[in-house]
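Please take these sequences and the hints and turn them into a complete structure.
Protein chains: 2
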Amino acid sequence: MEKVTIQQVARAAGVSASTVSNLLNGRSGRMLPATRDRITEAIAQLGYRPNRAARELRTGRTRTVGLIVPSVGNPFWGAFARELEHAALAEGYNVLLCNSERDPERESHYVEELWDDGVRDIVLCTSLPSLNHLAHIIDQGLRLVTFDRPAQADDPSTVVSISINNVVGGHLAASHLTGLGHRRLTFVSGSLRSVNRTGRYQGFCSAVESAGLAVADMTLWTGADESPFGDVEAADVGRRAVHEIFAAADPPTGVVAINDMTALGVCRGLRDLGLQVGRDVSVVGFDDIILADLYDPPLTTVRQPISQMAQLAIAEIVSHHGLAHREPGRSVLLRPELIVRGSTAAPPVN
Amino acid sequence: MEKVTIQQVARAAGVSASTVSNLLNGRSGRMLPATRDRITEAIAQLGYRPNRAARELRTGRTRTVGLIVPSVGNPFWGAFARELEHAALAEGYNVLLCNSERDPERESHYVEELWDDGVRDIVLCTSLPSLNHLAHIIDQGLRLVTFDRPAQADDPSTVVSISINNVVGGHLAASHLTGLGHRRLTFVSGSLRSVNRTGRYQGFCSAVESAGLAVADMTLWTGADESPFGDVEAADVGRRAVHEIFAAADPPTGVVAINDMTALGVCRGLRDLGLQVGRDVSVVGFDDIILADLYDPPLTTVRQPISQMAQLAIAEIVSHHGLAHREPGRSVLLRPELIVRGSTAAPPVN
DNA sequence: TATGGTCAGTAAATCGTTACACCAGATTGG
DNA sequence: CCAATCTGGTGTAACGATTTACTGACCATA
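Quick note, the sequences are listed as chains U and Y, same order. Using my numbering, the first residue of the first sequence is number 1, and each one after it goes up by one. Using my numbering, the first residue of the second sequence is number 1, and each one after it goes up by one.
Hints are supplied without guarantee of correctness; some may be wrong.
Unchecked claim - Non-contacting residues of chain Y with respect to chain U, defined by C-beta distances greater than 12 Å in every case (computed):
id	residue
1	K3
2	G14
3	V15
4	R30
5	A53
6	R55
7	G78
8	A81
9	H136
10	H176
11	L180
12	S210
13	A249
14	P305
15	A315
16	L334
To be verified - Straight-line C-alpha distance at most 20 Å; calculated EDC-like pairs for lysine to aspartate or glutamate:
id	chain 1	residue 1	chain 2	residue 2
17	U	K3	U	E41
18	Y	K3	Y	E41
19	Y	K3	U	D139
20	U	K3	Y	E41
Bear in mind the hints are in silico, worked out from the structure with no lab data behind them. Think of the CB as a built atom: it goes at the ideal place given N, C-alpha and C, for glycine as much as any other residue.
The following block contains the structure:
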């Protein structure tokens, strides 16, 4: 049974290939139940499976969703990929996963690769402020859902974005620290020109101000411009940032990190310096990866509802599948949640 | 420029489609340089990209490698996926990533899905002792490379396996602990019927014996049989195992965990009990995920050379691409390396 | 001038599926 | 009773590439 085609099924069932095709595509309305049964049985008997390539060549459609993440090396993206795959599977879709390593060129490369493969729906996790490098493909009909990247003013009009409210998240993190009595705070992030950082930092600042404090310095880890840090190296960013920040006079007692990996790096750096997290210094992360709870001390963090976000993304794709007419895009902002654990406490009295 | 076909390129270059195709497929031997140039320019001018579906329908070949991992939620698999993708990209291949969640049914589902998509090469990360559920597709010509799963006696004959030597790994871990003076050791693992566990436990036992000690009990976390633990939940396994083991009299001073996620769970569990890792109890993991080094204390672990393994897997696939004749499979066992960090030390003198 | 051999490139037949147009026979309506 | 409608399908032309077999044109040899 090397390869069984629709023709063989047709012959076995005593009908034409068209009829088999009609059944396969849900056009079984005008069809005798007996015929339907004969075909169904023939399919089962022969173990027939439609040839995707032929089908796609003919229709130009695929039931595959492309997912481009910065790096599955970062557990946050791994977890999200898992959730998205789960949601897609439930709708009969498959997910094709790619790592951009936050490199715009790789990002473009993958988008084109996916397009060539017939994929017309892509969930893109990017922090790039501009989507210009993809505009030409979007114009051709690519349906793009951006994740973890709020919509920007000059995005192509059909783009849908699903994200948390970063401003709220940054605010939650910082106000948690000010509420505990911290008065000197720092925001740690790589210098990626990330739209998330902007929002989170904004929320951070507003919380600091509304606590009647001066906005603390944000550490711009400029080394990142020379050799861009991937998500895996995010931990290094945090670690190195800490070494620099705490070498200066009057170091902060509270740190908000751009994500959990960076936060873990921050914790590691503090330990290098003989400081104890959750006592000498409080640390807040972002994402709530599995390891946040596993760490010592468990990490206080701003949780992203990835499961819900994944479902939203798939729902968006399913509802527009195969539609050629361009609807204007939408932007969904979900509210993040602060998860308080052991890495934060009142500042030392000294 | 909605869609540009090979015909349009041919017309633009003033040749037939066949000639364009010949150039595209490296048959440019008998072709005037001038013609070649005209075609090349036409391709660039029109932005032509061959239609994959058509190409595949005609040739029956794909340059896509399927990768099935237990769960990208586990950073180890995320890191491996990244490495494999990197190696594949360098050879002009793409990687299609799927999560089996260690569920044999999902595993089969994905293999068939990939097969239908025209994928003929799959890297399968599974711990199942048997590959019977895939035999029928392997017979049809699927080339399977198993990863992190040593070859088994009754595997289909064409299967290639790439793995570390688990016996050596288990031995390294345990003899490190006995060398530090530990005399009561425990091996912690979920009860997954994993071929890895068998090997690692065997190495563990041999090391214990050659140190002149009695083989300690292996903790079979039987709860896993009822509700199978995915890789993400591996940490819970470790944590719960510790609570149970250390409730008994005469608890061990050294623990070897089946992987790093479980080891981190073990550390978390020890902390729950007020014990200090690297002082009261020593812990050794397996894999060397990024977080092992980031943890507090940094985790001693047995490293898998995933980068090298990924390259081997791709090399295997590239060298046999499109070959119909079945060569007998091979099995490659790499030597793991012990990375000593702060989670292990001499046992307390008490 | 036959004969044959390169050279450079082309025509046409696929690959497996889909979808539009069509059709024969039965039923209905006025 | 004739035309219109419905029922349950079928025939066929794509979709875009690859590949085998072939064709003129040109050159060399005997």
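Verify that the Cβ of L180/Y lies farther than 12 Å from every Cβ atom of chain U, and report whether the claim holds or is violated.
Holds, because the least Cβ-Cβ distance between L180/Y and chain U comes to about 21 Å, which exceeds 12 Å.
Proposed proximity, E41/Y with K3/U (alpha carbon, max 20 Å):
Given pair K3/U, E41/Y is violated - Cα atoms ~39 Å apart, limit 20 Å.
Non-interface claim for H136/Y, where every Cβ of chain U lies beyond 12 Å
9 Å, violated
Agreement of K3/U and E41/U with the hint, judged by alpha carbon distance not exceeding 20 Å
Cα-Cα ~17 Å, so holds.
Status of the stated non-contact between S210/Y and chain U (beta carbon gap over 12 Å):
33 Å, holds
Given as non-interface: R30/Y, partner chain U, CB spacing beyond 12 Å
29 Å, holds
Does E41/Y lie within 20 Å of K3/Y when you go C-alpha to C-alpha?
Given pair K3/Y, E41/Y holds - Cα atoms ~17 Å apart, limit 20 Å.
Quick one: work out the minimum CB distance from A81/Y to chain U and report holds if it exceeds 12 Å, violated otherwise.
5 Å, violated
Verify that the Cβ of G14/Y lies farther than 12 Å from every Cβ atom of chain U, and report whether the claim holds or is violated.
26 Å, holds
Against chain U, does R55/Y keep a CB gap of more than 12 Å to every residue?
8 Å, violated
Taking the minimum C-beta separation from H176/Y to chain U, is that value above 12 Å?
22 Å, holds
Between K3/Y and D139/U, does the CA-CA distance stay at or below 20 Å?
12 Å, holds
The structure is inconsistent with the numbered hints 1, 5, 6, 7, 8, 9, 20, although it conforms to all the rest.
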